[in-house]
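Between the sequences and the hints, there should be enough to build the whole structure, so can you do that?
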Amino acid sequence: MQRTPLAETHEALGAKMVDFAGWYMPVQYSGIIDEHRAVRNAAGLFDLGHMGQVDVSGPDALAFLQYVASNDVSLIGPGDAQYALLCFPDGGVIDDIIIYRRPSGVGFFVVINAGNKDRDVAWFHEQREKRSDLDVTVNHISDETGMLAIQGPKALEIVSGLSSVDLSDMKSMSCRETEIAGIPCLAGRTGYTGEDGWEFYCPIAQVGELWNALLEAGKPHGLQPIGLGARDTLRLEARMPLYGNELSEEINPLEAGLSWAVKLNKDDFIGRDALIAAKEAGITRRTVGFKMVERGGVPRSHYDVAVDGKTIGFVTSGTASPTLGENIGLALIDKQYAGVGKPLDIIVRGKPVRAEQIKMPFYKRES
Amino acid sequence: MAVPKDYKFTKTHEWVKVDGDIATIGITEFAQSELGDITYLELPSAGTALNQSEPFGVVESVKAASDVYAPISGEVIEENNAAIDAPESVNAAPFTDAWLVKVRISDASQLDSLMDADAYEKLVAESGGH
Numbered sequence: 005m006q007r008t009p010l011a012e013t014h015e016a017l018g019a020k021m022v023d024f025a026g027w028y029m030p031v032q033y034s035g036i037i038d039e040h041r042a043v044r045n046a047a048g049l050f051d052l053g054h055m056g057q058v059d060v061s062g063p064d065a066l067a068f069l070q071y072v073a074s075n076d077v078s079l080i081g082p083g084d085a086q087y088a089l090l091c092f093p094d095g096g097v098i099d100d101i102i103i104y105r106r107p108s109g110v111g112f113f114v115v116i117n118a119g120n121k122d123r124d125v126a127w128f129h130e131q132r133e134k135r136s137d138l139d140v141t142v143n144h145i146s147d148e149t150g151m152l153a154i155q156g157p158k159a160l161e162i163v164s165g166l167s168s169v170d171l172s173d174m175k176s177m178s179c180r181e182t183e184i185a186g187i188p189c190l191a192g193r194t195g196y197t198g199e200d201g202w203e204f205y206c207p208i209a210q211v212g213e214l215w216n217a218l219l220e221a222g223k224p225h226g227l228q229p230i231g232l233g234a235r236d237t238l239r240l241e242a243r244m245p246l247y248g249n250e251l252s253e254e255i256n257p258l259e260a261g262l263s264w265a266v267k268l269n270k271d272d273f274i275g276r277d278a279l280i281a282a283k284e285a286g287i288t289r290r291t292v293g294f295k296m297v298e299r300g301g302v303p304r305s306h307y308d309v310a311v312d313g314k315t316i317g318f319v320t321s322g323t324a325s326p327t328l329g330e331n332i333g334l335a336l337i338d339k340q341y342a343g344v345g346k347p348l349d350i351i352v353r354g355k356p357v358r359a360e361q362i363k364m365p366f367y368k369r370e371s
Numbered sequence: 206m207a208v209p210k211d212y213k214f215t216k217t218h219e220w221v222k223v224d225g226d227i228a229t230i231g232i233t234e235f236a237q238s239e240l241g242d243i244t245y246l247e248l249p250s251a252g253t254a255l256n257q258s259e260p261f262g263v264v265e266s267v268k269a270a271s272d273v274y275a276p277i278s279g280e281v282i283e284e285n286n287a288a289i290d291a292p293e294s295v296n297a298a299p300f301t302d303a304w305l306v307k308v309r310i311s312d313a314s315q316l317d318s319l320m321d322a323d324a325y326e327k328l329v330a331e332s333g334g335h
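The listed protein sequences correspond, in order, to chains A and B.
With my numbering as the guide, the letters of the first sequence map in order to residues 5 to 371.
With my numbering as the guide, the letters of the second sequence map in order to residues 206 to 335.
Please note that a few of the clues may not be correct.
If you want a taste of the chain A side facing chain B, the calculated C-beta under 8 Å gives, among others [unchecked claim]:
no.	residue
1	Q32
2	G35
3	I36
4	I37
5	G301
6	R304
7	S305
8	A324
9	L328
10	R353
Keep in mind the hints are simulated off the structure, nothing from the lab.
Idealized CB from N, CA, C, for every residue including glycine.
Structural data, given as structure tokens:
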């Protein structure tokens, strides 16, 4: 298993460690519900050292990203960030990514998922070779990049005391160069929890120092270290997709409800033709949100979904929502059964348990 | 980790406390700590037959659903409705208040196949618990 520079720090904090996508990572410290509430009510600190980063530079960096990514990368100004998908030619999803345009305006910084890292990097290189008409350099920089996130209503107060430049006026989905406790960072006002907060990218040798500085400064504000367990419940309440659950090679982004990140009217990109054809033929499956209205268990990924005894889809993610106090989930179902208020049966251990479709996101912070 | 000395244990982390021909069954402190926040219990009702080593119920945490295995065979005489209504009590008091079911023991000799407290503590220590 691969270890981030913080593995021993997590052990010392009493974390339960697990293998996640080949990485030795904390799944929980004090407990998922407690950590989840800390992020909703105060702030949480996440080690995201398992995530990957790719630097894309050169005169044709923008044209290259326009070709491999589904969103319109030309809309990203210097210091902005954007969510996008990497698709196969058939429209299936390779990964979901965040693209930061560096604040200088020169070059892009792409964040990819741990479980897809090798495949994504190989894909980027393969496409770069195919597009020999483009002058672009792709550098895989995961091994030299440290990544932490601080998320929650107290995040601003905590980072403000440590940052060399003002971060308070940053828009959501933007980035800025700063020093946090003297450590040079790219600070993205991004995250995966539904809360305000930042993701910091720094030289990997200094990520331990950055962690300690944030944890120390955050303690008086209720900051806690957060494991992957609460990261999952937080992102699900905020209806953020997880690759392997809501997205896969077999699920296209239109079915996953991510058409807002797919710009079919921009110039050609990998998967565009297939997605246009799929849209014209009619999307037959939809991703819906539901809550259980009958006692019978927690919905889990891959449970069948039925209506009137007929299987119409499957659960992509499910959990016991700490904020709502309900069992909630996302399901990919035949479109004709989709609609807020309509019933679903979730098949839990062979038995149908009644659920009702509800509005998404399940949780939205007050702004 | 101290476990009650008069209980018997399975290698799948259930416990049994015997009182005459009645056995009370639950999951251990180690099991609840491995599962994390428990949110749902699915338990058999009175009259259900349990077979030794077979799953008889499910404990769900935020993270996952896990089967619970019968330490011994017998007929359920009572499920713990207080624990069903407050699943988090299994995190708080797995050895006492938050037992899962009581059964009428059908074959007391099966108790000999279970671990005593010392053997179980050793198993947990080897599993990385403490």
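Are there hints from earlier that the structure breaks, and if so, what are their numbers? 7, 9
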